[in-house]
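J.: What follows is the residue order along each chain.
Protein chains: 2
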Amino acid sequence: MTKDRLIYLPLGGAGEVGMNAYVYGYGAPGKERLILVDMGVTFPDMDSAPGVELIMPDMTWLEERADRLDAIFITHAHEDHIGGLGHLWPKLKARVYARRFTAAIGRLKLEEAGQPADTITTVEARPAVVEAGPFKVQFVPLAHSIPESAALIIDTPAGRIVHTGDFKLDRDPVVGEGWDDALWQGVADEAPVKVLACDSTNVYSTHPGRSESTLQAPLTQLIQSAPSMFVATTFGSNVARLKTLAEAAVAADRSVCVMGRSMKRMLSVAQETGVLTVFPKTVSPEEALEIPRRNLMLLVTGSQGERRAAAAALSRGKYLGFEMREGDTFLFSSRVIPGNEKDVLRIWNSFSEMGVTVVDDTDGLYHVSGHANRPDLEHVHRLLLPDMLIPMHGEHRHLSEHARIATEAGIAARVATNGMMLDLTGEVPVVAEHVETGRIYLDGTVLIGALDGVIRERIRMALNGHVLATVILDENDEPMGEPWVEMMGLTETGLGGRPLAESMETELTEWMDRAGRKLLRDDDKMEDEIKRIVRQVAVEEIGKKPEVTVVVSRLVAE
Amino acid sequence: MTKDRLIYLPLGGAGEVGMNAYVYGYGAPGKERLILVDMGVTFPDMDSAPGVELIMPDMTWLEERADRLDAIFITHAHEDHIGGLGHLWPKLKARVYARRFTAAIGRLKLEEAGQPADTITTVEARPAVVEAGPFKVQFVPLAHSIPESAALIIDTPAGRIVHTGDFKLDRDPVVGEGWDDALWQGVADEAPVKVLACDSTNVYSTHPGRSESTLQAPLTQLIQSAPSMFVATTFGSNVARLKTLAEAAVAADRSVCVMGRSMKRMLSVAQETGVLTVFPKTVSPEEALEIPRRNLMLLVTGSQGERRAAAAALSRGKYLGFEMREGDTFLFSSRVIPGNEKDVLRIWNSFSEMGVTVVDDTDGLYHVSGHANRPDLEHVHRLLLPDMLIPMHGEHRHLSEHARIATEAGIAARVATNGMMLDLTGEVPVVAEHVETGRIYLDGTVLIGALDGVIRERIRMALNGHVLATVILDENDEPMGEPWVEMMGLTETGLGGRPLAESMETELTEWMDRAGRKLLRDDDKMEDEIKRIVRQVAVEEIGKKPEVTVVVSRLVAE
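Top line first, the protein sequences correspond to chains A and B.
Going by our numbering, the first residue of the first sequence is number 1, and it counts up by one from there.
Going by our numbering, the first residue of the second sequence is number 1001, and it counts up by one from there.
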């Protein structure tokens, strides 16, 4: 008889910031009962995934074992933890557990995807327990940059796991429960922590993290001193920040108007679920237009420079009747996620052109991070004294640095990136297996594999342009008319001002005139030759090697 | 008789960091004699200019007035100041003036572009004077992150202009001349400074800039304490940094090996032109392979994560026989230019996976900027006491902030972005005219306009995919065979696993069967209809609206 084992398998989120999906299992090897923690997405960029809507972890491994999946737990409602629910749940169909606010967002996502919303069970915080196969799971409230983030205590026959989700050591988080040393001491006292799977995002930040509540004074002062309209953006899900901003506005005798769908949705779900009990009355954009600018604050979406969001719209001109003017103030109460710098600066510069004063988080006064910094992580290590530390939620450099500081503190730490299954049964983490993982893309309305070649073709067309060459042959393999070239994404004129398409057609015609019967009967060879000639002309004339699609049409006698 | 006037016209670099090109003119309105300062490029990204090699300012305005252009001055050899020389000089053909090192780099660029290298005249530093039409120009040595950067003193009948180029207040810049208060006091005493056109890059950095020489101690310590091979990257043109790094390596008993073409070129030009007199002996990669890792330092290109440079190559695996190993150290002695974050982090993470210790400039110990910070700029304002300040070299937000602090200090400041001509004759800058400017792209080997549509087509193909639909009609406008669809950058299967191309062909065939004779005779209408049908099927089946190219072939009787 094989011994039961405890396994950990990240399918996403380990070796990247985004698309979190972590599997735990317990049982006989290959027959473990499984649970999944989080179903996140990540966002595409033009460099690597042009035209793609969303990126999700490839769940094939778990799909093939869906009969062994006892439950799905969602730690919080950020897109990198819940965004894949609507798209991926149909492949797994296990019951989903989450706290109230997260469950409400999850149900909206399932509904939008045409999936049954009642598949989500709302769970109360510890001491409430969800039993899922061999696992007993408790949600422990934690502070993060969204309401009701939770760590999971996962009790297994092999011992206790603490899976932190995303968190910070904030004892006064403005909305929701703060960090509580006594509570966590209690967790560790109740049962020794065998494994701590821990957020690594801010491991390179060497100062202790600051509380959300430290923003109240500087934000109030800033909003008070602004001479005209004040506009602030932050992550729509940062309900605590929205509350701080709105209350500061009211203190500065300003009415508050919220703009942007995602922000409004987060606020209303927060109010409906009772996580946000006090929030100033807001006005509609129509009402806001009637209010003097000095008495107005707009809260807008688009802190990352998203082109369709309210901030970008205001930077381009009129939005819902509003225009930014000289003397207005615009605040980024947010940090820039790496990769979004140019989009954010584009907005800043447009506002600068309008004479708007732009304030960002450079001075550290108007934004705090939602993740635990290095000293905070070390505090948690000391408090929970886990046997093992598994760093998660980070690029490789974050995981590796987190493992390093844990190892220095005498904890058995192991970096496991996506697809690396760890056996946690013993004293130290042991690599059990490497599982094939990857990414799938939501492209339009369909899911495609990241390696399907579709995206590679798009990138190639974007870099090289695309030439279509058409030749028509009759039933005797004789060319009918001359070869025809169409181009997209290439300059029309080559050397000496000659039309590039014509140069290609001339070369192709000459080649066909010379080509023997045998060649003209062979579609593959013709295609290769036509591609070669088109590329050669392009290289000579404009120094580029385009993608080429060849259409050989053969007309058959009817 | 109209009065002569002094004008300033930025064609690039004002409202962006990159492609610097500033025109000054003096004479009767519309008949001014002109000089051009700098001919820079900027680098494309996938978001806005996929497949493009380089971006340059559109010089049409100046080309049309090339007969009035008396000289071109290059302040220093960074690509954003000299990179356009080979491509744009043939359109202007004025004599080019630069200091020794810059001239040597410029000649290499002209040679590579097949242009006459002897068009560049080497100029000595002030008090040497170049007379160009009504302008008397002196090069004043300044510290920057490349050897022999220079400010220009431009004496005109209307008064003295100081054009700073790129600079920092470094009194001990390791290589070349440092900042000299007495010298600049002398410049201002000699003749009042009417206009200061000034670098704005670091206006948001509120602490005084640090000297290049402050890096010597921390770099030496870091390199000494590294347990195995040490690899450092920085900008290839930062010759002072290369010297500091190499000397620190020698002090740590390490041989130095330089890898990467651009870095080697900069070093050898610096040595040939005499700006770099002392530099440790280097070893070739072949020799380096024989040296114990503990006694080796590699200096490599690719600090911005450029995929073809040495750093990226090492992060992917073997490069020139070298492989990074656990225990090696990699130093980014550089900052990340906004937009390059992801490429740099990709390298960092790959090294992290190899067990390499990566060090960057987070602590401020291993890199200093080449630009003057806000207090330094204020110092220069006070020293030169110009009547007017024209902020240049910056995004709009930099220019605007620079103008703000100058205005507060009582200087008449004016933000002029690309294409805005200022009249500087009077007491304050006055907008004289708006000139059409823009960007041109080097794409392959040809120059194309940014608005030609070529790039827009590429971006659209990248976002939406590309469908080619072919129909063939005989001389009686009867369809021959069925419509044919090829796709690139689109998934092959639509709803229910049906081949997407087949679905399109089926719809097109049905439509052609129904189509009347009149329609089949009208190429434009057919094209519109075919596009509409293809897009409609794509939207229904995969939720995307592809680009469509239609080829209607009409066979005529021979």
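Be careful, since some hints might not be right.
As a list, the in silico SDA-like pairs of lysine to any residue whose alpha-carbon atoms are at most 20 Å apart [what the hints assert, rightly or not]:
| # | chain 1 | residue 1 | chain 2 | residue 2 |
| --- | --- | --- | --- | --- |
| 1 | B | Lys-1342 | A | Pro-134 |
| 2 | B | Lys-1003 | B | Thr-1417 |
| 3 | A | Lys-91 | B | Glu-1306 |
| 4 | B | Lys-1093 | B | Asp-1047 |
| 5 | B | Lys-1342 | A | Lys-91 |
| 6 | B | Lys-1342 | A | Asp-45 |
| 7 | A | Lys-342 | B | Asp-1047 |
| 8 | A | Lys-194 | A | Val-428 |
| 9 | A | Lys-545 | B | Leu-1495 |
| 10 | B | Lys-1342 | A | Val-428 |
| 11 | A | Lys-342 | B | Glu-1306 |
| 12 | A | Lys-342 | B | Asp-1477 |
| 13 | A | Lys-342 | B | Thr-1417 |
| 14 | B | Lys-1545 | A | Leu-442 |
| 15 | B | Lys-1031 | B | Asp-1423 |
| 16 | A | Lys-93 | A | Pro-134 |
| 17 | B | Lys-1342 | A | Glu-486 |
| 18 | A | Lys-318 | A | Glu-287 |
| 19 | B | Lys-1342 | A | Ser-205 |
| 20 | B | Lys-1545 | A | Val-336 |
| 21 | B | Lys-1545 | B | Leu-1495 |
| 22 | A | Lys-342 | B | Lys-1342 |
| 23 | B | Lys-1531 | A | Ser-205 |
| 24 | A | Lys-545 | B | Gly-1453 |
| 25 | A | Lys-545 | B | Arg-1460 |
| 26 | B | Lys-1545 | A | Lys-318 |
| 27 | A | Lys-342 | B | Arg-1346 |
Residues from chain B shown here face chain A by an in silico Cβ test under 10 Å; the list is partial [unchecked claim]:
| # | residue |
| --- | --- |
| 28 | Thr-1121 |
| 29 | Leu-1289 |
| 30 | Arg-1293 |
| 31 | Asn-1295 |
| 32 | Glu-1306 |
| 33 | Glu-1353 |
| 34 | Ile-1448 |
Simulated from the structure, these hints should not be mistaken for lab results.
We put the CB at the ideal spot given by N, CA and C, even for glycine.
J.: Against this structure, judge whether each hint is valid.
T.: Now the hints, each set against the structure:
no.	hint	verdict
1	B:Lys-1342 to A:Pro-134	41 Å, violated
2	B:Lys-1003 to B:Thr-1417	25 Å, violated
3	A:Lys-91 to B:Glu-1306	39 Å, violated
4	B:Lys-1093 to B:Asp-1047	33 Å, violated
5	B:Lys-1342 to A:Lys-91	32 Å, violated
6	B:Lys-1342 to A:Asp-45	10 Å, holds
7	A:Lys-342 to B:Asp-1047	10 Å, holds
8	A:Lys-194 to A:Val-428	10 Å, holds
9	A:Lys-545 to B:Leu-1495	34 Å, violated
10	B:Lys-1342 to A:Val-428	33 Å, violated
11	A:Lys-342 to B:Glu-1306	17 Å, holds
12	A:Lys-342 to B:Asp-1477	52 Å, violated
13	A:Lys-342 to B:Thr-1417	19 Å, holds
14	B:Lys-1545 to A:Leu-442	15 Å, holds
15	B:Lys-1031 to B:Asp-1423	14 Å, holds
16	A:Lys-93 to A:Pro-134	19 Å, holds
17	B:Lys-1342 to A:Glu-486	35 Å, violated
18	A:Lys-318 to A:Glu-287	16 Å, holds
19	B:Lys-1342 to A:Ser-205	19 Å, holds
20	B:Lys-1545 to A:Val-336	31 Å, violated
21	B:Lys-1545 to B:Leu-1495	15 Å, holds
22	A:Lys-342 to B:Lys-1342	12 Å, holds
23	B:Lys-1531 to A:Ser-205	53 Å, violated
24	A:Lys-545 to B:Gly-1453	19 Å, holds
25	A:Lys-545 to B:Arg-1460	19 Å, holds
26	B:Lys-1545 to A:Lys-318	28 Å, violated
27	A:Lys-342 to B:Arg-1346	18 Å, holds
28	Thr-1121	31 Å, violated
29	Leu-1289	27 Å, violated
30	Arg-1293	20 Å, violated
31	Asn-1295	26 Å, violated
32	Glu-1306	13 Å, violated
33	Glu-1353	5 Å, holds
34	Ile-1448	5 Å, holds
Checked against the numbered hints given earlier, the structure breaks hints 1, 2, 3, 4, 5, 9, 10, 12, 17, 20, 23, 26, 28, 29, 30, 31, 32 and satisfies all the rest.
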